[in-house]
Structures are given as structure tokens and as C-alpha cells.
Amino acid sequence: MSDLPTVPAARAKAPAPRRRRGRRVQVTGTDRVFLVLMVAIPTLLVLGWVWVPAIASVVLSFARWSGVGGLDTIHWIGAENYKNVFTNYPPFYPALRHNLIWLVFLFVLPTLFGIFLAVLLDRELRFTRFYQTAFFLPVVLSLALIGFIWQLLYSRDQGLLNGVLNTQIDWYGDSRWNLWAVLVAAGWKHAGYIMLLYLAGLKGVDPSLREAAAVDGASQVRAFFSVVLPVMRPINIIVIVVTVIESLRAFDIVWVINKGTNGLELISTLVTQNVVGEASRIGFGSALATIMLVISLVFITIFLSTVMRGERR
Amino acid sequence: MSSATTATRPQAAASTTTRARRRRSPARIVLYVFVTLTALAWLFPVLWALLNSFRDYHYTSLHGYVSLGGFTVENYVHAWQQGEFTRHFLNSLIITVPAVLLTLFLASCVAFVVARYSFRFNLLLLGLFTAANLLPQQALLIPLFRAYREIPLPLWMSDSGRLLDSYWGLILVNVAFQSGFCAFVLSNYMKALPHEMFEAARVDGAGVPTQFFRITLPLCRPALAALATLQVTWIYNEFFWATVLMQSGSKFPITSSLNNLRGQFFTDYNLLSAGSIVIALPVLIVFFVLQKQFVAGLTLGSTKG
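Residue numbers (this note's numbering), protein chains in the order written: chain F, 10 to 322; chain P, 3 to 307.
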């Protein structure tokens, strides 16, 4: 880690971009061809595999199409799909609610807890490597596998949780509980991820800032809230955006449990069901996809403007 | 990790007296107890799976899970056979290795141009790539799925004759999604490289290929190693695209094969434990061996403010 320009390098390189700004390098002949290819090939891939489908989703959301047959079998029906989503599609509001619960839960518990852990671990504890390893371990596991591992605790008959609580609850199957059970499992991973991001940010905070606060007689809590937290603004925004995007993208764990039904509906699973399920409703599914797209683009814009501002500085 | 801790903390060594005082204070003890208990709780689900994976099903169903004894490795043998792990691990390998290599290569290309040549649109380009990495996959699913069903591939490339249900299709979608993050991280890394070196190379008549392959890529080795670690884990863990873009069960990489294993594994919990541990093993090895790289890769992308 020390040989990588994480935070210290960012500080060191600060003057460089200004020096470079506005300078243009003369490029000629074969070099120009190389440069164009180096940009064009990856760009075409990203455009063709991400942006064109994203736009196509928006376009198709105004259509009725079974997906069978050529493009000439598409019927353009205006905003009817959206009308149906909002007024005539029972799983939509539960799914929206579950996504919102997902977001609020992730934010209130695992995100804040992850930040809290990072602040604790930033205080030169002994065995810090052990602590970090423990909190960080779930981050490398896929959410689908996490669903499997937690089944060992959640199962009705053989699960540890029912054994300890002396209950008979099917934590993944009972729609009163399953969303919360899944959220705890997902939060297990999320907290570690946030802890890591935040810890790296804290290590980049100039130590003299905190020393100055201590000299001025500020308590550690006070110093954190009035000195460290404002300096950490870019990281705070990244953490918020990561949390929002993760809650919007949530899919793997509920799909592996019951394909997003019976209390585990999410917008992402509704989109998928409308395409790969028996009834292929392209236009309708695209309307749902477009709703996801719009929400995510708002936060991606916030993210990019934060990051790019840091870039230009 | 620990080396970085000490490196960035010059004041730590300065005052050993305050440190000794702090270590003995009651608040400090509470802190240690709290962090230790939390850490153990965090490890618990994995340790529980590990413990039960070595236990005999009949023994635990007779004596309950809160018991000791009945240790066996049979579960691993059965999980491996019933889950057809040989095939699925091979599929994961076929998908992950080319995807990671291609992602890193293409991302380096874009990052090099963005970082070295002051194109007016470099911020736009970077934005286009980074945003692509953050979009919800499901929002792109429908057109992509439909296109994959149409686009033909020669039979030697895909036995389905289409991009759908082919390794190629899955590799490409992973590359398209992941190269954004990598390009972003690498361009920051490359911007921090000493500028003079490139000027000298240019004066010596080095063209773009030499600057890229001979100077930039070797210098980026630490960042590439960190990103490779991260990408191997992410693509190995990738679930959604493989689930929807692969049609035949025998082509699923290991993570997506979980979909089909549910029915078999959820009836025998010791089998489930063993299966989970086996599937987690590659990323756990990466995690324990290359943790520094992994952490560096993740934090490279976020902390440059």
C-alpha cells in the first residue's frame, strides 16, 4: 500500500495539473493513429455495451413489443407503459418501498457503523490488522454466496438463530421478516466496505490538523466533527453515492433466495422477471428500467461532479 | 496496511509517554473490548460455516448443532460432486482471466491518452467511462439481452451460434462494465507519474507505442497489480450477467451456479456449508495473500481528494 499513490500522492501531485493545463503536445503520423485507436476501441465497447443499451431502454419504454420478430413489429404507445407501472402493476410499489427501505437501512446502520469502525480503527490500535481483516472479510464474498452462508443461521429447522431464540421462523421465507433478514446479511458486507473506504480517507487527513485542534483544546469528538468531517467531504459524498447505488442495484442476494418474490421484490428483479421470465414484456420492463436509470443518473452526476472537481483542482 | 499506518503517522513515535498513558486508560480498554467482540461477531458466520462443513449430517441432526463431534470431510466430496464444481470452476476461469486482462489493457489505453495528452474532452471521456461502471445493470438488460439473441457468432466460438449463451458475450459485457473504474484509477495514477520522463522520451524520438508499452505500463505495475486483484474478485463474484446471459446450466460460472444449487444444498446444511466454503475459497485466498493489493485497489479509486 505504501508504494501506491493513494492519498499522500494526491497531495504531492497537486501542482502538476495546473502546470500542464493548456499545453498541447504535437502528435503526428502513426502516433496519431495509435492514440485514436487506443481511445476509440474501448470507447466503442463502452458505448455499444452500456450507453446504447441505456438509450435503447428509454426508447423501448414507449413501445409495446413481445420481443419476438423484427423491429417492425414494435407498436409505439406513448407513455402507456409508465401509466401501467404506476397504476396497474401491484408489485411496483412494494418493490419501490423495499428499495427505499434498503437504502435507509444501509445508510442508518451499516454505513454509519462502518464509519464508526473506521474512526475507531484509525486510533493506532494494536491488532489492527486482525480487526481490519475481520470487518473486511465479507467484502470479498459475492452477495449470492452471502445469501447461502446466512441461510445456515436463518433456516427454520436447522438454523442457529431459531435455535438460540427458540423460535420457528423461516427467516428467508416469511414475508414479514425476510427483507430484514436479507438486509442484515447485506449490511454485513456493506459495513466492511464503507469501513475500508473511510479508513483510507482518514489516513489521508493531515495529522497536523488534528494536532492543531488538540492544541486548541478541542475534545476528540469535537475535533472529529468540526475538523476531520469537513475535510473528508469528498469521501462522505462517495460513501453516500456508493450506498445509494448499492441499494438501487441490489439483486444477487434476493434472486438467489427466491428470485425476488414474496416480500423480496425489488425494481431490479421486476425488470429481470419481465424479460427472462415466461412473459417477455419488453416495453413494460423497459419502463421500469428507465425509472432505475433516471434515479441512478442523478446520483452518478453528483458523484462525477464531486470527483471531477477534485480532479481539476 | 500496517506499514502505511506507521508511515503516515510521524507523530506516533514522537510521544511515547502519551501513548503509554492512553493505552492504560479505561476508555481505551472499553474500546478494545468493543472492537474485539465486534470483530469476532463479524467473523462468526464464516467460522460457523467452516465448522459445520466438517460435520456429519446425521450426527448434527441427531445431536443438534450445539454439540461437538461427528467430524468428517465427506461434505466436501459430496458438495464437489453434486455441484459439478470442476466444470463450474473451469467456466469461472475461462471467463475471469480473459476479462481481467482485456479490462486492464483497454483501461490502460484510455487512461494513457487521457493522462498524457491534454485532449479537450478527456474529462468527458472519463465521465462516460466511470458513469458506465455505476449504472444499474438491469437498466441495460433488455436491449442487450435482445441484441445478444440476434448477434450471430460462428459455431467454433459459441455452440449456441449466438452471442447469448456464449463465453465471449459474458467476457465482453464484464469488460465494458469494469473498464470504467480501471480507466479512472489508472488515469489518476498515470497523472502522478513524473512528467519529465515522458518529455525526455519524446525528445529521444520515442513514439506513442514505446511510451505506452516501455515506460507507462511498467511504471503502473503496482496499480495494475492492485486492480487485477480487485477485478479477479469482482468478475469471479459477478452474478447478474452470467445468470441472465447464460442459458445452459453447464456454462454457468461458479457464482451463478448457486442459482441451481439452492434446491440441492438447502436441504442438507452441512453440504451447504461445505459448498459455500469451497466457492468462497478462491476469493478468500486472494484476500489473505493479496489483501494489501486488494485494499489499495479499492481505495485508489475513492481517495484522491
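If you are wondering where the hints come from, they were derived from the structure by calculation, not from laboratory data. None of these values were measured; they are calculated from a predicted model. Think of the CB as a built atom: it goes at the ideal place given N, C-alpha and C, for glycine as much as any other residue. Hints may contain errors.
DEER-style ranges, computed between Cβ atoms [to be verified]:
#, chain 1, residue 1, chain 2, residue 2, range
1, P, Phe107, F, Ile311, 27 to 33 Å
2, F, Gly57, P, Gly265, 34 to 40 Å
3, P, Ser27, F, Leu174, 35 to 41 Å
4, F, Pro239, P, Trp158, 48 to 54 Å
5, P, Asn262, F, Asp166, 19 to 25 Å
6, P, Tyr119, F, Phe136, 46 to 52 Å
7, P, Pro28, F, Leu56, 56 to 62 Å
8, F, Arg135, P, Tyr119, 22 to 28 Å
9, P, Phe107, F, Val230, 56 to 62 Å
10, P, Phe73, F, Leu170, 37 to 43 Å
11, F, Asp166, P, Ser27, 45 to 51 Å
Can you tell me whether the CB distance of Phe73 of chain P to Leu170 of chain F sits inside 37 to 43 Å?
Once the Cβ atoms are compared, 24 Å apart, the range 37 to 43 Å for Leu170 of chain F and Phe73 of chain P is violated.
C-beta pair Pro28 of chain P, Leu56 of chain F: status relative to the range 56 to 62 Å that was hinted
Distance hint for Pro28 of chain P, Leu56 of chain F holds at roughly 60 Å.
Regarding Phe107 of chain P and Ile311 of chain F, is the given constraint of 27 to 33 Å on their beta-carbon distance met?
Roughly 31 Å apart at Cβ, these two residues keep to the hinted range, so it holds.
Do the Cβ positions of Asn262 of chain P and Asp166 of chain F conform to the proposed distance bound of 19 to 25 Å?
Hint holds: Cβ distance 22 Å, inside 19 to 25 Å.
For Asp166 of chain F and Ser27 of chain P, compare the CB-CB distance with the range 45 to 51 Å and indicate the outcome.
For Ser27 of chain P against Asp166 of chain F, whose Cβ atoms are near 48 Å apart, the range 45 to 51 Å holds.
Regarding Gly57 of chain F and Gly265 of chain P, is the given constraint of 34 to 40 Å on their beta-carbon distance met?
holds, 37 Å
Determine whether the Cβ-Cβ distance between Phe107 of chain P and Val230 of chain F falls within the hinted range of 56 to 62 Å.
violated, 48 Å
Beta-carbon spacing of Arg135 of chain F to Tyr119 of chain P - inside the hinted bounds 22 to 28 Å or not
violated, 48 Å
Within 48 to 54 Å: is that where the Cβ-Cβ distance between Pro239 of chain F and Trp158 of chain P falls?
violated, 59 Å
Look at the Cβ atoms of Tyr119 of chain P and Phe136 of chain F and judge whether their distance stays inside 46 to 52 Å.
Taking Cβ atoms as reference, Tyr119 of chain P and Phe136 of chain F lie about 47 Å apart, which means the hint holds.
Per the hint of 35 to 41 Å, is the separation of the Cβ atoms of Ser27 of chain P and Leu174 of chain F within bounds?
holds, 37 Å
The structure does not agree with the numbered hints 4, 8, 9, 10 stated previously, though it agrees with the rest.
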